[in-house]
Structure formats: structure tokens, C-alpha cells
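Student: Residues per chain, in single letters:
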Amino acid sequence: MTKPLTGAQIMCEALIREGVEVMFGIPGGAIMPFYYAMWDYRDRLRHVLCRHEQGAGHAAEGYARATGKIGVCIGTSGPGATNLVTPIADAMMDSTPLLAITGQVGSHVLGKDAFQETDITGITMPITKHNYLVKNVDELPYVFKEAIHIATTGRPGPVLIDITKDAMQKTTVPNWDIKLNLPGYKPTYQGNRRQIREAIKLLISAKKPLIIAGHGIIMAGAHRELQEFAERLRIPVITTLHGIGAIPENHPLAIGMPGMHGWVHVNRAIQECDVLFNIGGRFDDRVTGKASTFAPHARIIHVDIDPSEIGKNVRVDVPIVGDARLVLQALLEDLPPPSELAELHTHASDWMEHIREMQDKHQGKQQYKNRAAMANMSLPPHDVYEALSRTLNARGNYRVVTDVGQHQMWAAQLIDWNHGPRTHITSGGAGTMGFAVPAALGVAIAYPNETVWAIVGDGGFQMTNQEMATIVQEGLKNVKVAVINNGYLGMVRQWQELFEHKRYSGTPLSGPNFAKLAEAYGWKGLTVERSEDVQAAIDEAHATDGPVLIDFRVEREVNVFPMVPQNKSIGEMILSESQA
Amino acid sequence: MKKHTIVALLQDRPGVLSRVIGLIRRRGYNIESLAVGHSETAGVSRLTLVVESEDVEQVVKQLYRLIEVIKVSDVTDDPTVEREMTMIKLHAPPAARHEIISMCSVFGARIVDVGSNTMIIEMTGTPGKVENFIEVVRPYGIKEMMRTGRIAMVRGARGHNASEYVEPATNGVAVPALN
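Protein chains in written order, with our numbering: chain A, 154 to 733; chain B, 133 to 311.
Some hints here could point you the wrong way.
Pairs of lysine-lysine residues, derived as PhoX-like cross-links and limited to a Cα-Cα distance of at most 20 angstroms, are as follows [said to hold, decoys possible]:
| id | chain 1 | residue 1 | chain 2 | residue 2 |
| --- | --- | --- | --- | --- |
| 1 | A | K323 | A | K288 |
| 2 | B | K193 | B | K135 |
| 3 | A | K298 | A | K288 |
| 4 | A | K339 | B | K275 |
| 5 | B | K135 | B | K221 |
| 6 | B | K193 | A | K465 |
| 7 | B | K221 | A | K339 |
| 8 | B | K203 | B | K193 |
| 9 | A | K288 | A | K465 |
Note that these hints are calculated values from the structure, not bench results.
With the hints as constraints, model all of the structure from the sequences given.
Tutor: Next up, the structure:
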């Protein structure tokens, strides 16, 4: 018989039992019993004190996205909990395993507008995979086990546990002999074999097949299987924003990113292909453009672990519900021997040649930079990315976190992503500005021996940069921040320029001297205004044993191209201002 | 838009109804009728939902994303027995009572309360029959009316028994505590 523990002690024990090592949070009245108990577990459960709960949530997301393990964030009741709402919604959209723990007022005053009371389970119902309100200390072992199981299995997602203060204070003998009772939650991992054979039949008969590799590849750890499958059939591979890292971009079959700011040759290839094999992507509107015009000639095979994604945005000919890795393994097993694939390989080289011709003709990475318009700029943003890409690929051992906006699209486009999965982490579905700096904190804690770059616009940076203090307090020397500073909310300004008669309403943006701000936080701060100084600054950042911020004051009004205007077909890309 | 009758088995936990309704609200569908109560299996509720939707398959798939949703079926085109109940407080002065009583017996409705000038009538039937009955008694003057949501059950051996999906709760403390 084990001895009685307080609810708060049970919470710590439960987290340790589930393999949690680090938590990001801020204490407050209702969650104080948990912090009281945490003191005894501080050698096993590292608590990172953030400066804002939104920062704690994004840090936990960054940790989760970089490791595949669950990220844990903590807030108190009321505003502590509501400040977690944005990262929870972000984790929902990007299928990030996140556990949010919130304190709640005592059960005797629940629902009576007590001090710092909000109905956080009600608020987060549509933005969590599941949530709980716990009023009874005896439920805690079960609820923590079930919550972490739900967050990390199937299609991962955020789960919130709201615990009343008295449930944390009461004592009980915990029952760790837990059998989960989830009759309605049985994720499908193995793809249907008949459908898998159907998919192979389609892919083998195709003359112009394409693979779209999405976030599911990264989450399932299916990048090796993906690469092998693509190589066996010689199918070109597209990587979505979250699929970056599924295949190295210098692989001969990798052709790059699709969609709104994807490459012309990729979008054209989608519009021409006869079989489209999407594995682990959800046909987001930023990928498909106007969905009814997407891939008009293609039979579509869609692999997703979430059945509700199949057929949601585009019609699907062969649906396969399952885990990307297990499905790819089954596909590999059922492939005919290489001797039977000779004819297919002839088609494959014609098709690939055609795609590469389109790539050469339109703007690939190389031509992109040479546009005449940039010749007279003292610092086109592209020069920053070119130097970063060159340096990071030469050094290796890096992770990049991006925020949301122009700088994010440039990072996806212009950096050569050759270093595998989980090296590119960004806020995709929710498009949460303010993600990068705190998420980089979480990544840096997960990988203290790697360099973690946060690339962020001056808009997003000013939303959550207070976490620079957390980075210092935690002694993280491996964080480097590149602010792509154009003095605008740049992506909004771009839309205003192209589609709204240059009415720059609410987009010009001032800021403090970011380098001095960094210095005030105890960082090294650098400012770069000319292309010729970019490389030296990046090298100095790498050479510095401590956090460094570089304020890249880039040309103010540069646009991200190519671009598919919203609700247009991805066949209708605009390549420059004059086409808008 | 077509009306669909959806039958679902739900784990009986706090907030589950809220989750189901929230999900349907999010997609902007209108709930025409909703009824929920215990099923034949302890810890499992059975829900009947009538919803107007062009894409009911998506509604069903989305419902499955809820952790506590065990089984969902669109029974719109299946042979079912459907029932709804209404209670009507009718203006019923002594002079009209005889006529009302005979009307009730035609429809198999029961008079469950008689006041000095009112009667409460309870009537159960298919949604169409309930509708007819209401129209027939309306001229007497309806003072109050209440209708339950529709409940539906698939005829014959087909259907869903909750015990096919649920194991009896085995971990003594935690599961009952969640109810």
C-alpha cells in the first residue's frame, strides 16, 4: 500500500510516470498547490518560468514539435488560463501534442464568479482534442494518464486539464493501476490492405505521378520510408510547409513547396499530374488554392490518420486511414519487384525532366534572387536567407523556428532544407504571430547542443519578445534570433499593395532599437543594414557563446513571390508586382 | 437542405452533450431536434439528432473526432421507428371537454391533468402524427406546449447495442468518478 499524497503530488508523480521532464509555466493563486508540490520534484521535473503564459504555451509547442514528445504548459485560473488559449488553438491546428494544466478556483465557489475564475474548459472545448475539469482528487491519476494518451496518440493535439484548488490540496492514496476506458477512441494505424494495393495499382499505371509529403510524415517518423518509396517508383516529392524535412531538398526527387507561395513548377506539376499521392497532408486551402480547380486531371490517393480529413477539402479516389509510417511500410512490402518497374521508370524520367524544365524556365531559387528590382537595394531580405542557408548547411546541427508572415515564407522558400525532419518548425494552420521566440526557447531546451535560430518579423517579434528574459534565466546560450525588420506588418502590407490600392492601413510599424533591447536583456545585439555585413554578423552569432539577436534592417517593401491570390487556382500564379 | 436523423452512442461524462452541440454549431448547421438519455448499457447515453445538412458525412466524421463519441449512424434512409412526445396545456372549459376527450381517443392521447378551465394532454407518436394532433387541438386554444426531441431506433436485428463497444468499467475508482 502506497502512502497518501496530495492531489498536487499525484500530478507530479503522474507526469513523471508519463516521461515528462520539463514544463513551461507561470504560477498564480489557484495553481499554487501544484507549485508547492513541485519543489520536492524539482530534480526530476524541470520548471521553466516564462514571462507570459502565451510564451509558456508556445515554448511547450516548440519542445513538442522538435522532439515528438508531449509539451507541458501551466497557467493559473482566469487570465493565466485564457493566455494559454492562443497556443492551445495553435497546437490544435498543427496537431501538436500539448498538455495544458490550469488551476481552477475551489470547487465550493465554482461557477460563482470567484476571483480569477473563468470557464476554461468551456472556452477551450472547440480548440482542444479533449479537456477535463477535475474536482475530485481520486480522478487525477486516471485523468492524467488518459489526457496524455489522447494528446500523443492518433492525430496528436492539445489536451487541457483544469483542476480545482481543493482537488490539488486534498490527499488520497493514488490508484496507479489504470486501465483506460475509451470505447470511442481507437485510432486506426494500419492502412486498409485492399486500398493500399489499389494505391499501388494507380501509382504504377500513372504517367505523371506526384507525392505530397505533409506533417504526418514528420510526426510518424516516416521520412526514410517516404524516401525509399519515392526512389523505388521514382516519383517526384513535394513537401508542404509542415512537410519540410520529409525529404532533403537536395535529393534528386525533391521538387519543393506547393501552394500560395510555392514554386511555379510545383503548382504546375500538380495541375498536370495524373495521380496525386498525398501522405500526411490535409489539403489546406493555402496548398490547394481554389479547391474545385485543384489537380483537375489527377486521381487522388490520400493517407491521413484522421478520417475526418479525408474528403474534407478535395475529392479523394483512394482513401487510406492510417499512420504514415505503417502505411508506407505496407506500400513498400506490396510493391512489385524492380524488374517489373522498368517501363514506369522511363515515364518517370520524362516527367521529372519536364518538371525540371519548368523549374528552369520559371523562377527557381537561383533566378529568384537575381531579379533586377533587387539590384539597387542595400539589404534585400533574400541576402539574409542566402547567407543563413549557406552557413547552416555548412555547419549542420541546427533547428530553425519561424514566425508568421513574409519572413516565414522566405525561410520556407529560400533556405535549403537538407537536414531532415524537425529542423524546420513554424506555426502553420493557425498562423500565430509571436510563435517563434518562445517556441525557440522550447526547442533550445530540448536540444541544448544544437544552434536554434528563430527567424521572425519585426511585427511578430514585438508580440512575445519578453521570453528573451526566460532564455537568459535558463542559461540557454544556443538561441539566435534573426529579426527580418522591414518596419511593416509585411504580409498584410503586401496584400494591401497588390490587391487594395496600396492603402497601408495599420501596417507601418515602428519598434525600439532591437539590438539595444537585446543588450538590455543580457543578449548580444547586432544591427545589419547592408548586404556585405550579413555573413559577418551570422558568423559572429555562431561564434558567440550566448544568445544573440541580429536586427536585419531589410528593404522595406519587398514582396513574397510567386504568389497565388486567395481563392484563385494554383495554376494562376503571379510572379511580380506587374502581374497583380 | 435535407434533414438527417443521426443516432449516436456517447460515453456518459460531464460536458459530452456540450461537445456534440458545439461541434454542430461550429459548422453552422441548425439542430432541428435533439434527445438524449441513458441507453441499455450503464455509462453510455444514446442520442438522436435531427439536423439539416448538405454534407452529413462530414458531420458524422467530425462527431467521431470527439473522444466520448462511441458510434454514430445516419439512419435517415434506414427503416426506423421514430417517436416524439408532446404535452399540451389546452384551454378546456367544461363545454368543450367532451369534444376534446373524443379527439384524444382518436389520436391515442392521454389526458393527464384536468383543471377548472384547462387540461394537460400527453401524446406520443411519429413526428407527423404529433404535428397533426397539434393542428387538430389548436383551435381550442393552446396555453402551453412542450415537445421532446425525436427519438429513433432502427428496426429488426440491425442497430447498435452499446455493449458491443463498451467493456464494463473495470477500474473501480476512476471511471465512476468521472460520471
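Student: Tell me, in ascending order, the numbers of any earlier hints that this structure violates.
Tutor: 4, 5, 7 and 9
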